[in-house]
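J.: Next come the chains, spelled out residue by residue.
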Amino acid sequence: MKLSNRTKVMEQGEMTLAERMYLPAIVGGMATTLKHFFSKPVTIRYPEQKRYLGPIFRGQHILKKDEQGAERCTACGLCAVACPAEAISMVAAERKPGEEKLYREEKYAKVYEVNMLRCIFCGLCEEACPKEAIFLRHDTMVPVFNSRDEVIYGKDKLVEKMDQRYLRDGWK
Amino acid sequence: MDLLSDLFLAKAAFIGIVFAITLGIAAYSTYFERKIAAFMQDRIGPDRAGPFGILQPLADAVKMFMKEDFIPANSNKWLFIAGPCLSMLTALMTSAVVPFGDTVTIGGVTFDLQGIDVNIGILWVFGIVSLGVYGILIGGWASNNKYSLLGAIRAASQNISYELAMGLAIIAILLFTGSLSTKAIVEGQQNGHWNIFYQPLGFIIFLICAFAECNRTPFDLPECETELIGGYHTEYSSMKLGFYLFAEYINMFISGAVMATLYFGGYDYPGIDFVTAQFGNNIAVFVGMGALIGKALLFVFVFMWVRWTLPRFRYDQLMGLGWAGLIPLSMYNVVVTAFGILIGKPFTAGIVGVVLLILGLLIHDQLFVKKKIA
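Read top to bottom, the protein sequences are chains A and B. Counting from 1, position 84 in the first sequence corresponds to residue 84 in this note's numbering; the numbering is continuous, with no gaps. If you want this note's numbering, it's the 1-based position in the second sequence plus 1000.
No wet-lab data here; the hints were simulated from the structure. Values in this document were obtained by computation on a predicted structure and should not be read as measured data. Some hints here could point you the wrong way.
Unchecked claim - Now the in silico label distances, taken between C-beta atoms and shown as ranges: (1) Tyr-1315(B) to Phe-38(A): 27 to 37 Å; (2) Pro-41(A) to Thr-1226(B): 23 to 33 Å; (3) Ala-1020(B) to Thr-43(A): 28 to 38 Å; (4) Lys-161(A) to Asp-1069(B): 48 to 58 Å; (5) Val-91(A) to Ser-1237(B): 50 to 60 Å; (6) Ala-1061(B) to Phe-38(A): 28 to 38 Å; (7) Thr-43(A) to Arg-1312(B): 45 to 55 Å; (8) Leu-1175(B) to Gly-28(A): 46 to 56 Å.
Claimed, not checked - Chain A residues, not near chain B, derived (Cβ > 12 Å throughout): (9) Cys-76; (10) Asn-115; (11) Met-141; (12) Val-144.
The beta carbon of each residue, even a glycine, is placed where N, CA and C say it ideally should be.
So that you can see chain B by itself, here it is in the shape it has in the complex (with noise of 0.2 Å):
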């Protein structure tokens, strides 16, 4: 490929601006989970920093860069350094396959706006998502604390356990689309047809994982402060904590985007036919864009909001929860969507299976548990 091709220009710019956008966005993630937490405990939050404590992020980043940078005595030093720098890798990749427009052309070059558009684009997100748990996981290690440790391997059980129902619920989508391309996921999506309206049931189990996946609240033992301390990151300090806890929320807007894609329709949007025919292709694929963006922010919102209102779960919990509840479920999911898909009849399978669903339920409980006294 010719380095010089406006194409790959084109693209290194595409890269670069979503990198700008991730990494700002999960900076800004910072701040508002601060005021969110603020405002849904009927605080102020940060208001110090600049108007509105607008500044905040900057503050800490300036805090985090000045703190000392320790490495503790008889850790793996090389370890220890890789731990952050992989967090943050592959946190940062994932974004490479998520489609945040369609083509458009700009001074006579089109192009996607999608980093790399691979056919094995979900799979890539998976692959990434996975990879993510070395950082944690060699992190923890190579702090040589009990207490990291015991962070890394919960963190490392639990992704393993929740990727399986995770994947379980794409396979359901996949049925649909019949390609692993992100692309041609969202592309099957336009017009309003959003696989959320198919795969309600596939679209709460792939949430419950991504909030394991992500370690967020009420999923996040790897970081219990009660019993690890910090968790896989006690021994952290200064920019190598700022990248982990970074990491966390690029993953957050990251998944965000993932879950945009593959049940809200990516970057569609109602009136976007309107759009192009009044103000032409590329003001409507920008729009799109921002469509995308804003579908992600809303769950960066959900992620905070449940923070802000669960409490943790308990680690047999939670894998008593992804083993014997999410799995078996995403299995009848797939079923379901296979049977409709079958007759011909997709979205009634989809709401029929989670009437059945409950209805079975329903009658197990009646059949089979014991009834509460008073």
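With the rest of the complex left out, here is chain A (with noise of 0.2 Å):
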């Protein structure tokens, strides 16, 4: 018995002539792939050319300074606790009078170390910011480490240099 009369019985039948030739599928195939040949590649030679990964790319980790080359980063702490990987840990300092022109707050991160290692790149430390200290780069990847004593990047690597300060497209 039949559930419903929709069923249609197909029939393969065999192949055609021009099937069964084979040929002018072949001619047909082989004209796309001529068509290939003229085309541009799309090959990307990655070492040499980069592609552009979009502004919210999230690649290095850099400390911001502020217009006055002041540091923005505080200490607070919260970056280390919404990283999920545990990969940031800090030692605050109080600053010192005749430190105004370097560090914004009263307070300031006297160590400030990323783990790459553990980093997931995940973005949550640049939520969590309230100060809008640190950041992920869009243009920067963290390089391939050679031995474990690179891993670990403290303020040398981390904090913005203030002749190529960074800026994001969105920002512009």
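Take each chain as given, in its own frame, and dock them per the hints.
T.: In structure tokens, the structure reads:
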């Protein structure tokens, strides 16, 4: 008994002449490959050419400074709390008189370390930061390490240099 | 024959040059194979070794020589070594009868741009190509590996099957020429009377058979990776493997040259009389040699083009195509050609033959083939 009358008997039948000779289909296929032969390759030669990954790509961390060149970070520790991989650690210190040019607030991070082997580049530190101090750069990736000594990035590598300030595309 | 005669030295030099050209082209075929594959897949291909990757064949050769030359413990060692050597030898021997040009006169010596002009030239090609199977068969058998043996058996049966259709396609050419000499076949096609115009069907049969003889896709079942790992060269490594791969590329070039000789007028090219009158005989002949090599390279490109377009046939499809498709077709071609020569209009007969064949098949389709629904 049929459940419905919608069943259709499909008969494949034998191949037609053009199909049996294969040649028309082969010529069609060869035309397709020839078309691709003359089309532009999509390859990006990676180390020399780099693809633009967008303004929100999460690359290497940077500790921003403000316009006067003072570090924005106040060592509140919210980034370390937010970090799911526990990659961030810091030591806070109090600003001494005369250091107002160096640090924006009364408290600052004397040591700020990101363990790049732990970091998963999720960007939660960026979101947690109330002072807009830490960002993941969209234009720089963390390079490959050759030894474990290079894995922990301190302030020397993280703090923004005033002569090459970081600007995300969306900020301009 | 005097070993130091000018003719002997000239021939020896010529054979050396042909070997050098063949080997050079075969080496660069590997590079162009990869480049063409890349272009057809919208990639760039090898571009690291030298400008545009032009040194890639050198790097590959160095790699091949550096690899461990492994001989399996339970293999037949002598035959294992003989296999690739035989493949290479037979691949190179075919070029002896390909006429690369007409006669040239250099330093008072007149000689043919051809290794040997034997009167059984085309039979020589067939004989050597048949011997080429032994290289694969011996290598596959000596490896003492079931995959290798299966690949070798496939190669042997495939080559034997397709040689029949190939031979029948050639008989139609021989009906025109009345000679087995490759030189005579080329001379019969001078001034644009190329056999392709008289033998379109025969050429298609020959081309398909050439693909099968060279073990190229879509007929590369002897080295079918998905079923047989590497086929007959599963156990091979280092330069022995290199010889097998190299022999395949030499075969491609040589079969391109043979096809150009048989169907595309050999060293004939448009405007040969003009060049002869303008620059002299020698220049014209060397341009002709270039024309032949150019035609052969065009066929090499077609080989690669097809390889990167078509998937493999199944083995029963391959055998079905060979025995049930190409052999009857080439027999039909022989009959049509003979009839055309009998009535003295070979060109018309060739066209009418193809049209009649397609009409006949269409009528057969209408009468006997069940139509598809939808």
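J.: The hint says 50 to 60 Å between Val-91(A) and Ser-1237(B); measuring C-beta to C-beta, is that right?
T.: holds (59 Å)
J.: Does Asn-115(A) sit more than 12 Å from chain B, CB to CB?
T.: Label holds. Min Cβ-Cβ 35 Å, cutoff 12 Å.
J.: Are Pro-41(A) and Thr-1226(B) spaced within 23 to 33 Å by their CB atoms?
T.: holds (27 Å)
J.: Do Ala-1061(B) and Phe-38(A) keep their Cβ atoms within the hinted range of 28 to 38 Å?
T.: holds (30 Å)
J.: Holds or violated: is the Cβ of Cys-76(A) farther than 12 Å from all Cβ atoms of chain B?
T.: holds (49 Å)
J.: Against the range 28 to 38 Å, how does the distance between the Cβ atoms of Ala-1020(B) and Thr-43(A) compare: consistent or not?
T.: Once the Cβ atoms are compared, 34 Å apart, the range 28 to 38 Å for Thr-43(A) and Ala-1020(B) holds.
J.: Given a hinted range of 27 to 37 Å, is it respected by the beta-carbon distance of Tyr-1315(B) and Phe-38(A)?
T.: holds (35 Å)
J.: Look at the Cβ atoms of Leu-1175(B) and Gly-28(A) and judge whether their distance stays inside 46 to 56 Å.
T.: Between Leu-1175(B) and Gly-28(A), where Cβ atoms are some 33 Å apart, the hint is violated.
J.: Do Lys-161(A) and Asp-1069(B) keep their Cβ atoms within the hinted range of 48 to 58 Å?
T.: holds (56 Å)
J.: In terms of Cβ atoms, is chain B entirely out of 12 Å range of Met-141(A)?
T.: holds (22 Å)
J.: A range of 45 to 55 Å was offered for this pair. Does it hold for the Cβ distance of Thr-43(A) and Arg-1312(B)?
T.: Because 27 Å falls outside the window, the suggested range is violated.
J.: Hey, does Val-144(A) actually stay past 12 Å from chain B on C-beta?
T.: With a cut-off of 12 Å, Val-144(A) remains clear of chain B, as the shortest Cβ separation is near 19 Å.
Consistency with the previously given hints fails for numbers 7 and 8, ordered from lowest to highest.
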